[in-house]
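Based on these hints, arrange chain S on the given structure of chain R.
Spelled out from the first residue to the last, the chains are:
Protein chains: 2
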Amino acid sequence: MTYRAPVKDMLFDIEHLARIDQVAQLPGFEEAGLDTAQAVLEECAKFNEGVVAPLNVDGDKNPSSWKDGQVTTTPGFKEAYRQYIEGGWQALQHPAEYDGQALPKTIAAACIEMLNSANLSFALCPLLTDGATEALLTAGSDALKDVYLRKLVSGEWTGTMNLTEPQAGSDLAMVRSRAEPQGDGTYKVFGTKIFITYGEHDMVDNIVHLVLARVPGAPEGVKGISLFVVPKFMVNQDGSLGARNDVHCVSIEHKLGIKASPTAVLQYGDNGGAIGYLVGQENRGLEYMFIMMNAARYAVGVQGIAVAETAYQKAAAYAKDRVQSRPVDGSVNGSATIVHHPDVRRMLMTMRALTEGCRAMASVAAAAYDAAHHAADAAVRQQNQAFYEFLVPLVKGYSTEMSLEVTSLGVQVHGGMGFIEETGAAQYYRDARILTIYEGTTAIQANDLVGRKTARDGGQVAQAVAGQIEKTEGELARSGSAEARAMAKRLAAARKAFLDVVAYVVKEGKAAPNAVFAGSVPYLMLAGNLVAGWQMARSLLIAEGLLQKGQDAAFMRAKIATARFYADHILSRVPGQRDAIVEGADSVTALPLEAF
Amino acid sequence: MTYRAPVKDMLFDIEHLARIDQVAQLPGFEEAGLDTAQAVLEECAKFNEGVVAPLNVDGDKNPSSWKDGQVTTTPGFKEAYRQYIEGGWQALQHPAEYDGQALPKTIAAACIEMLNSANLSFALCPLLTDGATEALLTAGSDALKDVYLRKLVSGEWTGTMNLTEPQAGSDLAMVRSRAEPQGDGTYKVFGTKIFITYGEHDMVDNIVHLVLARVPGAPEGVKGISLFVVPKFMVNQDGSLGARNDVHCVSIEHKLGIKASPTAVLQYGDNGGAIGYLVGQENRGLEYMFIMMNAARYAVGVQGIAVAETAYQKAAAYAKDRVQSRPVDGSVNGSATIVHHPDVRRMLMTMRALTEGCRAMASVAAAAYDAAHHAADAAVRQQNQAFYEFLVPLVKGYSTEMSLEVTSLGVQVHGGMGFIEETGAAQYYRDARILTIYEGTTAIQANDLVGRKTARDGGQVAQAVAGQIEKTEGELARSGSAEARAMAKRLAAARKAFLDVVAYVVKEGKAAPNAVFAGSVPYLMLAGNLVAGWQMARSLLIAEGLLQKGQDAAFMRAKIATARFYADHILSRVPGQRDAIVEGADSVTALPLEAF
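Chains as they are written, first to last, in the numbering used here: chain R, 4 to 599; chain S, 4 to 599.
Here chain R stands alone, though its shape is the one from the complex (with noise of 0.2 Å):
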């Protein structure tokens, strides 16, 4: 099976979803309409397909590899990143001022899923240098700056973000590594990191490690973390590389999946210190993590569906080309490919649904944060920053929790055959297993959802979306199709069971928090669920006025009955999640602890 970008679902979404004429009237993206949308998409799809795509599998066989310091990728890597940061393609979503291409991530998001689609592993290293993009632009002095955004801009150099330590995994306030100023501006950082993605490889010349380490008489816990720059090799004033610096890679995990990509242990100044320059201000370093760490989990829930995306790609291929035993409605004598099996049907459309479903959602949300960040208007831009962020924690846990249902179905669809490993099957089920966890697991982002983005505002911005989607039950009503009326009655069910709990978790957050986050994940669940079956409610309404029109009937036509799939079969999970949640917290919390 070859991927194929699916570049037509893509569009809808940023046109009709996103609503990219919208997005192209903010200031800076005048030039991003539908038409320049539709050409970096093909262009990008061109490079995927043929030059990332089929290094997929080879880098699962043949993973990258450690010897005495030195990581070497597999065979094929090192010149297709070439042709990446040649294509321009890390340069997508960043500034002009540092030689960035300026496009929306409303676009720039879709481009992000087939390069993850087409190589999960390879994708990550791109994906970590946007992340130490960001949080250089945010809070770097304007000598960092100038010194390392072209380079990462250009993908000339990579970054990776130094966390997690052998004690502190989800909780940062543990981080014990500690940096040392030298009087000159520059600290000594001493320390181990753990689960460093891309933290050594032989791609490029130079890596920008973003860390994070407490400084002498800093505060306990997660006050006392300042972040800093620690390049692998220093750079020279005239930008030339320098000596090397004191951080050493000791070792690379042995992994479940995404096996290409190096998950590095890092050893920090065991030769009289790395040097390392502060980021921002001392003991602030958190809140800058936290700026990349929101850009890379809205980015690994986009992992999640283009995970999804091409594992349903893969089991359609095979349910269409595989011979198995006559269909039960008798409509075939003798055997038929087994996609003519209501089973197989319905594990398809469970794939498809919620893969579209997700990236409807993801799109929605890129198009937010695009107005939250370039509208004239600071009202319009709180507002759409509200929705953005209320969004970063189902577009992360929800489409990578679903990620790993839709690659198990994958693996389900080939029978005997998706077990064997040479199908291809498995490793998506495999490499799939990781995006719950890192990046913040789903319960880290359930526990943003119910803290930060619900209980906080007293759930003003939950219901504003319930809102929203009210509006949309509105006009699937006025739709009056049997699809229409079936979304509006389940889309409905579920707002309403969302309701509930958002009262649940707003009336509770203080009183009873073990109560409230013994829910949080099947909250997490609930709203990503009606959130994407949103998302497929309005595709349905626009695919039902544009089939209207003549427009693309095929298409449109399985769009309508995808979002009515969604609908009978992910939206009719919801009243029963809510019940979980409302009333079941307590059993949750009931067994004792020596019980276990």
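Hint data in this document are derived by calculation from the structure and do not stem from the laboratory.
Heads up, some of the hints might be wrong.
Since the list can't tell identical chains apart, any single copy or any two copies may satisfy a pair.
[Claimed, not checked] Heads up, simulated EDC-like pairs for lysine to aspartate or glutamate below, C-alpha to C-alpha not over 16 Å straight-line: (1) K513 x E45; (2) K513 x E52; (3) K11 x E46; (4) K513 x D332; (5) K70 x D460; (6) K191 x E285; (7) K49 x D380; (8) K49 x E285; (9) K148 x E159; (10) K492 x E586; (11) K499 x E476; (12) K323 x E597; (13) K513 x D460; (14) K492 x E476; (15) K191 x D249; (16) K492 x D249; (17) K191 x D273; (18) K70 x E547; (19) K226 x E408; (20) K81 x E159; (21) K49 x E89; (22) K492 x E473.
Using the frame of chain R, we list chain S on its own:
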């Protein structure tokens, strides 16, 4: 982490749910009371914890390997297998006539769970031998029984099931292997069989292949398939081994999981024909194969429970050890073990509730099997057989699907460490992924549930089960505890949803097969949720009673809490499943084939 067999929970099920006292009243099982069960389970636990479990990780790291037609198993497997047969574990559930121990399935099932928890790959060899034993017991001639059964029952030789061919997986009508009668009562078998578990290995001197093939002039389709015994080595009159037969292992598969279990491609007859012996009558092979498949399906369901149990134990141990973050309720001043965090508790409780629910369901099914085979009264036998047959697709389909959820949660509890292979959680995730596929995919189980087990008798057995459940609801109402009331509410809602679906399946089965089969797997999942939940409800009542008597308070309280969790968080899924089945069938098949 070391696997600890959950002997206490198993004995609870065996004593109170499966009612070993009643099993021990069946002719032939007079010795098989609770004391026997306890003694056997404790001995079995010791063996599996001490001998088999320590090889589990080795098997994954150093799988079976193939060279020149020979398969070498993981170092240590051969010796462990020797101890396994020396301990008499293979003989547990087989007839005394062939030197078996003739224990009820009610006891044997728990032992099989332990073996599988200890090492899924290792346990597959005995599992297949059990299947071959069943087939020969049912349909073999006395001559065949005399030659093979004692060796299989003791485990000195192992058995295989040869169904699948490249073009014939779920669809056995496509089997092309052929068997030519030689005029002397033997046949020469030709063909290629794939996915043959332990089709070749070095743990025993002889392998007894049970092979589906067609005789000349046989009808097309499944009614023209015959079953043959093809030994790896011919057996002389005196029982000694003779010439090598013409069946050869040409390769083994490179798989996602259960890597230590060799999955062979077997070539029959490349050098003149493999000598085979007909089992039973010509063209009735599928019927016999179903006997061994039904035994194997139940056992694969137990594999799901087994791997879920191990995944739970590992995750619980990690959660009680790993320190990270302050509890949201402030109950600990500073960082605490992650088992303090509500979402970790939710994950562990989900794992535990699903595992215990499925174990309870399997235990009750085993007791029904015993009564179906041993009860003096024909009506009792028949009733139990019908109940057992209804449960088999649930035990197989539901327990294995739930094992995917549980092993995935097991990875998630470990966070980033879960993705590192050395941790071990990922192995369960990979190993479990075959369970919903082999011995009939979940869809095949669901077809069985819909067709043979529900539609065929007009829903009678299903309704009888619902009637039993309603009685349990009455008992819950009489208990009146908060837990019992919560359970009663969810159980009643789930039962009603189940009855709706049963009515739908019965009514539409013939008129709208696509619609009914579109909901077949959701129906299986719904029924599994319900029936396992029903057993948790019974457990809750029993535990309440024993708690009042002061018996093992900690265990009983944990059982009650786990049952309550099951009600709130698993049974609450059921009404939505009903909606998807009964109201969502059309959207499963709405998308035209070319749109995928």
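Against the structure, the hints come out as follows:
1. With identical chains, the CA atoms of K513 and E45 are never at most 16 Å apart, being 50 Å at best within one copy and 48 Å at best between copies.
2. Taking the closest pair of Cα atoms, K513 and E52 never come within 16 Å of each other, the shortest separation being 50 Å inside a single copy and 45 Å across copies.
3. Proximity of K11 and E46 under a CA criterion of 16 Å is satisfied intra-copy only: 13 Å inside one chain copy versus 62 Å between copies.
4. Only between protomers do K513 and D332 lie at most 16 Å apart by alpha-carbon distance; the minimum there is 9 Å, versus 56 Å within a single protomer.
5. Neither within a single protomer nor between protomers do K70 and D460 lie at most 16 Å apart by alpha-carbon distance, with minima of 51 Å and 66 Å respectively.
6. With identical chains, the CA atoms of K191 and E285 are at most 16 Å apart within one copy only, with a shortest distance of 14 Å there and 82 Å across copies.
7. Proximity of K49 to D380 under the C-alpha cut-off of 16 Å is found in neither arrangement, the shortest distances being 38 Å within a copy and 72 Å between copies.
8. Proximity of K49 to E285 under the C-alpha cut-off of 16 Å is found in neither arrangement, the shortest distances being 45 Å within a copy and 57 Å between copies.
9. Taking identical chains as interchangeable, the C-alpha atoms of K148 and E159 lie at most 16 Å apart only when both belong to the same chain, with a minimum of 15 Å there against 73 Å between chains.
10. Taking identical chains as interchangeable, the C-alpha atoms of K492 and E586 lie at most 16 Å apart only when they sit on different chains, with a minimum of 11 Å there against 23 Å within one chain.
11. With identical chains, the CA atoms of K499 and E476 are at most 16 Å apart within one copy only, with a shortest distance of 12 Å there and 29 Å across copies.
12. For the identical chains of this complex, K323 and E597 are inter-copy neighbours only, at 9 Å across copies versus 51 Å inside a copy, given an alpha-carbon limit of 16 Å.
13. In this homomeric assembly, K513 and D460 come within 16 Å of each other (Cα to Cα) only inside a single copy, at 13 Å, whereas the closest approach across copies is 54 Å.
14. For the identical chains of this complex, K492 and E476 are intra-copy neighbours only, at 8 Å inside a copy versus 31 Å across copies, given an alpha-carbon limit of 16 Å.
15. Taking identical chains as interchangeable, the C-alpha atoms of K191 and D249 lie at most 16 Å apart only when both belong to the same chain, with a minimum of 9 Å there against 71 Å between chains.
16. For the homomeric pair K492 and D249, neither the shortest alpha-carbon distance inside one copy (61 Å) nor that between copies (63 Å) is at most 16 Å.
17. Only within a single protomer do K191 and D273 lie at most 16 Å apart by alpha-carbon distance; the minimum there is 11 Å, versus 70 Å between protomers.
18. Taking identical chains as interchangeable, the C-alpha atoms of K70 and E547 are never at most 16 Å apart, the minima being 58 Å within one chain and 60 Å between chains.
19. In this assembly of identical chains, the alpha carbons of K226 and E408 never lie at most 16 Å apart, being 38 Å within a copy and 37 Å across copies at closest.
20. In this assembly of identical chains, the alpha carbons of K81 and E159 lie at most 16 Å apart only when taken from the same copy (12 Å versus 54 Å across copies).
21. For the homomeric pair K49 and E89, the shortest alpha-carbon distance inside one copy (14 Å) is at most 16 Å, but the shortest distance between copies (62 Å) is not.
22. In this assembly of identical chains, the alpha carbons of K492 and E473 lie at most 16 Å apart only when taken from the same copy (11 Å versus 30 Å across copies).
In summary, the structure is inconsistent with hints 1, 2, 5, 7, 8, 16, 18 and 19 from the numbered list given earlier, while agreeing with the others.
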